[in-house]
Every structure is written in C-alpha cells, then in structure tokens.
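Q: Residue numbers (my numbering), protein chains in the order written: chain A, 3 to 443; chain B, 3 to 443.
Calculated from the structure, these hints are not laboratory results. Check the hints yourself; a few may be wrong.
Here's a subset of chain B near chain A, in silico, CB distances under 7 angstroms, partners left out [said to hold, decoys possible]:
| no. | residue |
| --- | --- |
| 1 | Ser32 |
| 2 | Gln78 |
| 3 | Pro190 |
| 4 | Arg197 |
| 5 | Asn390 |
| 6 | Thr392 |
So these bits of chain B aren't anywhere near chain A, every CB distance computed over 12 angstroms [as the list claims (entries may be wrong)]:
| no. | residue |
| --- | --- |
| 7 | Leu106 |
| 8 | Leu194 |
| 9 | Leu198 |
| 10 | Gln400 |
| 11 | Asp431 |
Glycine included, each C-beta is placed from N, C-alpha and C at the ideal position.
Number of protein chains: 2
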Amino acid sequence: VERLQSTPSQATALTTSLCDTAGPRLSGSSGDARAVAWAVETMQRLGLAHVHTEPVTVPRWVRGEEEAHVVAPLYQPLAVAALGSSPSTPDGGIEADLVEVTSLEQLEALAPHSLAGKILFANLPMARTNDGASYAATVPVRRLASVQAALAQAEGVVIRSVGTDHNRLAHTGAQGDHPVPAAAVSVPDAELLHRLLGRGPVRLALRLVTREEPPVQSANVVGEVLGREHPEEIVLLGAHLDSWDLGTGAVDDGAGVGLVLDVARALKELARPPRRTVRIVLYANEENGLAGARAYAEAHGAELAHHVVALEADSGSDRAVGVRVLGGPGAREALRERQRWFQALDVEVREDDAHGGADTGVLRTAGVPQLDLRQDVSRYFDLHHTANDTVDKIDAAQHAQAAHALATLVWFAAEEAVDFGRLMPEQQDTPRREGQAGGPR
Amino acid sequence: VERLQSTPSQATALTTSLCDTAGPRLSGSSGDARAVAWAVETMQRLGLAHVHTEPVTVPRWVRGEEEAHVVAPLYQPLAVAALGSSPSTPDGGIEADLVEVTSLEQLEALAPHSLAGKILFANLPMARTNDGASYAATVPVRRLASVQAALAQAEGVVIRSVGTDHNRLAHTGAQGDHPVPAAAVSVPDAELLHRLLGRGPVRLALRLVTREEPPVQSANVVGEVLGREHPEEIVLLGAHLDSWDLGTGAVDDGAGVGLVLDVARALKELARPPRRTVRIVLYANEENGLAGARAYAEAHGAELAHHVVALEADSGSDRAVGVRVLGGPGAREALRERQRWFQALDVEVREDDAHGGADTGVLRTAGVPQLDLRQDVSRYFDLHHTANDTVDKIDAAQHAQAAHALATLVWFAAEEAVDFGRLMPEQQDTPRREGQAGGPR
C-alpha cells in the first residue's frame, strides 16, 4: 500500500491524452469512436489482460444551432445550450413571453394547458457544497421542467443552468425525451431574466436546431489485472468514456478514466498482482442513456455472482475526502480496520452507505456490493456539462492524491480477504436525492 | 470629504441599470442608442445641469457568425470571437495549417509572403498582475498579429485571447483595419492548439461572417455639477458609454459610468457644490475608434484652456488602491498634502505620473493635466471584452469604495484651490506599454 500511495501518478497525463486525442465524445460521435480506440490502445500499452471492446448500441443526438435572445424590453443575446434529446424549435424559432417558476413545487403545481403560447422559465438556483447535495436537490428540474412544460403545453422551456459558476456558459444535460424544445441558459442570464421580469413582461426568442439520428454502435472497453489467487473473483473498477459535447469531458469523466487507468498502471507495476482480479470497464453512454451499463450487465449476467464489489470513478479530478462501502455486515468493519491506510492520505473512512455510480446502479440491483471514492466536488459543478470542462481545470496534485486513494481502496478490495457479502433487497434501490454518489449525470 | 466618503454608494445600482436597460452597446448598435437615452435620463434624474448630447459619428461593425474547429489531428470545436473590424472569411470559410509564434519578437520577424496558404497562430500568454502591466506587455499582439499576417500573406490569423482567465470564452478587441480575417480563441483552446502542435501539424477551419456598415450617428452625453465660485473652470470626469458586443460591458465600462454618475449624485446631495464645475462626459466609441474623444476635443477646443484637469474611470469595479496626478510642479505636492483623506480609504497617494485614460489622451495633447484613480485590476482581465463581462461580476462593496475614493479625488480637484498648471510638451505623449492607465481598451 505504501508503494501504491507513493507511485508518481499518471492520472492527469492519461486524462489529457484522452481529451486531446478524442475531444468531445458524446455517444455515437466521431469523438466517441476515437475514445474507444484510445482506450483499447492505452489498456494494451499498460499491459492489461483481456483487453477488448463489448458492443453497445447508443443513441445519436446531435446539437446543431442554438440561439436565444431577449426581444423585449431590450435586445439581449443569451448564452444558451439545448438540453440533451431536445427537439428542434419550428423553423425560424419561437418567440413568446416568459413565465417564471422558482421551485420544484411550483413546477409540479403547473396546470395542464396553463402555458399555451408561453415559454416556461424554470429558475432554480444551486448552492455550492463540498458533497454535491445541492446538485441532487436541484437537478430534478432538468427533467421535471420538460415534463411540466409538455403538460402545460408551453411553446418551449428554458431552465437556469444546474451549476454553481457565474460564467456565460450554459450547462447541458439529459432531460428525458419530451416534445417541447428545451434549453439551459447560463446563470448570469437567468439572473438577468429574473431582474427584467421584476420590471415587467419579458419576451424571448429561442431557436434550436437539433437532430436525432438512428442509434449507432459504440462500445464498453474492458481490460483486467488478473488476480494471482482468485482470478475468477472480480473487483469492478469503472468510469465512463463518453462525455457531453460542449467541453472535452475532462472532469466528467476523463478524470475518472485517468484515475482507474492510473490504478491499473500502478497495480501492473507491483511485483505481484493482488489476489482478486481487478477489471477495468470504461462505459459507453453514461450521459444520455446508460446503454453501456445495461449492456455490461446483460453480457456478464452469468458472472455477476463473482463480482465481489463495484466502484465507479465519476466525481471529477479533485482530492479524495472519504471512502465508504455498501455490502454485508463485515464489509464496513473490514474497511474500518484499514483506516490507517486512508488516514495517511487524509481520507476519512465513512460510516454511511456507499451509493455507487450511475453505471453501477444496474449491478446494485443484481446484489453487487458497492464502494465509493468520495471527492471534493465544490468546484465540480462550475464545469460539469459545460464548454469549460477542459483539461486546464485539473489540479494534477489533487488528481494524484485521488488516484492514490483509489489505488488504496482497490487494494483493500482485491488483496484483503474481505467478504463483501451481497446486497439485501432493501439495499438494491439506488437512493434518490443524494446525487454525487460517485456518479452524478 | 467625510460626507462624500460615507454616502451610501449607488455605483453598482447605476451600472446595473445601464446594463439591464441598454445591454451590449457596441458603437452604432441599438444598445448604443439605448445607452445614450438612458444616460440623458439618468443625468436629468440626478439633477445635473446642462444635460445634453453631442453628436459623434461612429463606425458600425457587426459581428455575425463565427466558428472555428480543429480539422486534424482530431475534430475539436474552439471557442472563438472575431476581432473588431475583422473582415469575413471567403464564403465557406478557410482551412489551413497553423503556424505558431509565441512572442512579439517572433511576430515582428515574420518575412513577407512567408505564410501563404497558412493560418498564423499568435500564442502569447498574459500573466495576472494587480496593476495591468502584463496587459500592456501583451496587448500589442492584437494589432501586430493582423499587421504581420497581412505582410506574410496568411489566409487568416488567430490569437490567444489577451486575458487571464481559463474560461472557454474568447476576448475580442480592436485590431485596427487589416485585410486578413482575425479572431481570438479562448485561453484553454490556445493551450490545446499548443499541445497538439507539439505532436504534429494542426489543420484549422475558420469561418467569420462580419460586416462593416456605413458610419452612424451616436453621441457623447454631457452634464454638469456647476461650480459655486468658478463655474468656468472645468474638472472633467469621464467614462465611456459604449462597450464590446459579447457581454454587457458591466466592468468595461459600465462600472466607470456607475462611478462617475455616483460621484455626481454625491456632489449634488451636498449642501453646496464645490468651487469649480465638475463636468461628466460619457464618451461614445472608446472601444473601436475613439471618435467620441476626438469629437469632444473638437467641440470644446476653445474651452480646453479652462479644463483644469481630466480623469477617466475605466478600470472596472474593484477597489481603488491609489491616486496620482500629472500636471505642473505644485499639483503632486497639493495631492500629497491631502494624503490623510485617501488613507482613510486605504488608498495610496502615488508619486509616479498619472497616465490618463484612452479618451483623455486627446486632451493630454492639448496640455490638460490628468488624474488617475488606480484600481485593483487583478480580476479585470478575466472578464475584459468577453461574454462574461456582466453585472453579476461586480463586488458592490469594492465598487462603493472606489466611488468614495473617486469622489474624494474629484473634491480635491474641484474644491481646493489647486493650481494643476498645464502639461509641458514632453508630458503630452501618452506613454506606451503601461496600459491600464485608468483606461485600457
């Protein structure tokens, strides 16, 4: 463990290599294909075993043109981004008065047909917290606004970006599959609209040109560090290879890809591998479908009983602050016994349950225990799903510490003879409203 | 002075009112016209005397579409903004390999015809400093790159944004009037291009659609706080009303407009006005032409001998750190004698010469002494000339402190019987390479 904690980390170099080679990599894009090729090549270079791709059929939604501006009381262009899977506006765009709501409760209370001829403006601010709790509290707006806009027969819907920054850059994200054109405006623009609405009616023009192409084939990329005693017992270590299209997916989730590949690298450099197999999975289509997670569970259904525990690294590049487990009664006690390992990195062994990531949720339903690497996410939602999600935002020192913490956690799972048990039925539902359980989407 | 230093400042409220009413206000745009109307109305509301507009013929350059992406070695869209007065690319855009230069010296050394069929990439980083010295050292690239691209017959030119942030937002700005399509890319994009160029050739696609319309009429807006003893002696207090088009010109120069109008408000609220007249001028067209400054000097040529001293507030909204003067031998001594007034605000009376602002440069040539309010500009070049220049960036407490410092300085000039003298010929050239002399462009 001392060795794993002192190896010079390659996490940021690996993330940079991915982002500079593939660029943005929304499911089904050319960047997605470049990322798959990069991952295969990189795993082979690191000397992983059984490096291969597993086919995943993914949606192919394409952002085209997007433009919004205030028409009255003044001309004011807005920083806007279509939400994932939003349809286009009619040719020439739409123009209508805004109706503002400022809470989930107000959204839920919208009456059918009540917004005919209007554009719904959902303006819910998100607070900055270290643990992502405010994201979980706010992000439901992204789907609910579209659902309620459809119900209320609005012409369109714009939401305040679900994010903590004050840049003129909108945060995109999945919003389900709804018939109303839906976009996010930047936080400064949402604040401006709110001020203008305080003075009188605000008329907005919105034009989105998007397209939904037929599904295409992408892939999960898999490789292993084979266990020296129990190669059939699998510690599953994941991250997602796809990203939103606006940035280069550096912190979401290039950073996680860098972390898990850096752990694999560190394990390969040891004189002998751990007792259990560490399997790296880089998932396709986490951002807008989870098709990669489902494909993995289907392809490996027979083998899931041998999945000892699963973890997804999807909380950015900042420092690890805690680890936690969800499993049988002995698992937490075993982790607590290794507290000293984590204290060396200023990482807390937490007593609350792990949540697992978005892609490991499917495995959770199959009873697979979960591990979480908790990271400081106080900066994460400044960048998340924006054009600003680029490699210059990564603090390599924090990223290295997170890699060392993750390597320690993986070593704990793969080397120690820990009985993680299986999840009881009541442990199998992914809890809502916590978010950032290693994998917010 | 105690009263001027304790009046609740309206600076941020005034700035917000301007930006929310006018929006972006590049010379000749509808926002420019709204700003002029707002300024007249606001000066009247504040009870200024002789509120009027003075006609200024301004250029009308219009940003249209702009798009850039790396074609090879990967597809990567870039955050790009045409530089002011850039021509359009040919229909369909241009596509060519990049040639990188990283210093002004390398730019100057480019040989005629040496970049035929290429796109010039001028990649000069700017450091963060409190005084703007690094801006002065870097900003010559904006003009020089276009000059040298034309000389070297490049297809186009992209510069690294002259700015200190790491947002995916490009910084626009004036670049003169040159035949080569010219744009800035964001700092993260410039860093990416640099990394890619380290691995091999980089092919770039650039498409700019801009247009130069016939000049239109805008206006300087003028109002006065009449002096109680020497109404004919003018202390000229300026800011510029126009802004670049990407943001709403909140810090450049809505903040300065807010400062000078707040000083006028505070003076009007005193029981009696200062001895000399304080004339407020809100200039047109500072950003791309200085036509407002020239028009003012022409219209008031006969009166310039009565301009006791001039100041332009054009350094953003952050706190004042110093004041300084350029004038006859007695002026600095007089300011030093009032040191105590400024110490109360933690503002230093500096011994070096004032530089004046961009718009007061013309008056400097006519011998008019100058005052500078130096502000902390360490954040200013994160926002300057970008879409991020919006009112949410203003720290109202710092802005209020700057307003109090400015009111103190104006009181010093208008109330005390200071003989500022006239500028000697050797004091009349605006020094280069300091920038941020109260008014970087």
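Q: Please go over all the hints and tell whether each is borne out by the structure.
A: Hint check results:
1. Ser32: This interface hint holds because 6 angstroms falls under the 7 angstroms limit.
2. Gln78: holds (4 angstroms)
3. Pro190: holds (4 angstroms)
4. Arg197: holds (6 angstroms)
5. Asn390: The hint holds - B/Asn390 has a Cβ within 7 angstroms of chain A, the shortest such distance being about 5 angstroms.
6. Thr392: With Cβ-Cβ at 4 angstroms, under 7 angstroms, it holds.
7. Leu106: Correct as stated: the minimum Cβ-Cβ distance to chain A is 24 angstroms, above 12 angstroms.
8. Leu194: violated (7 angstroms)
9. Leu198: Nearest chain A Cβ is 7 angstroms from B/Leu198, so the label is violated.
10. Gln400: holds (16 angstroms)
11. Asp431: The claim stands: B/Asp431 keeps its Cβ more than 12 angstroms from every Cβ of chain A (closest is about 38 angstroms).
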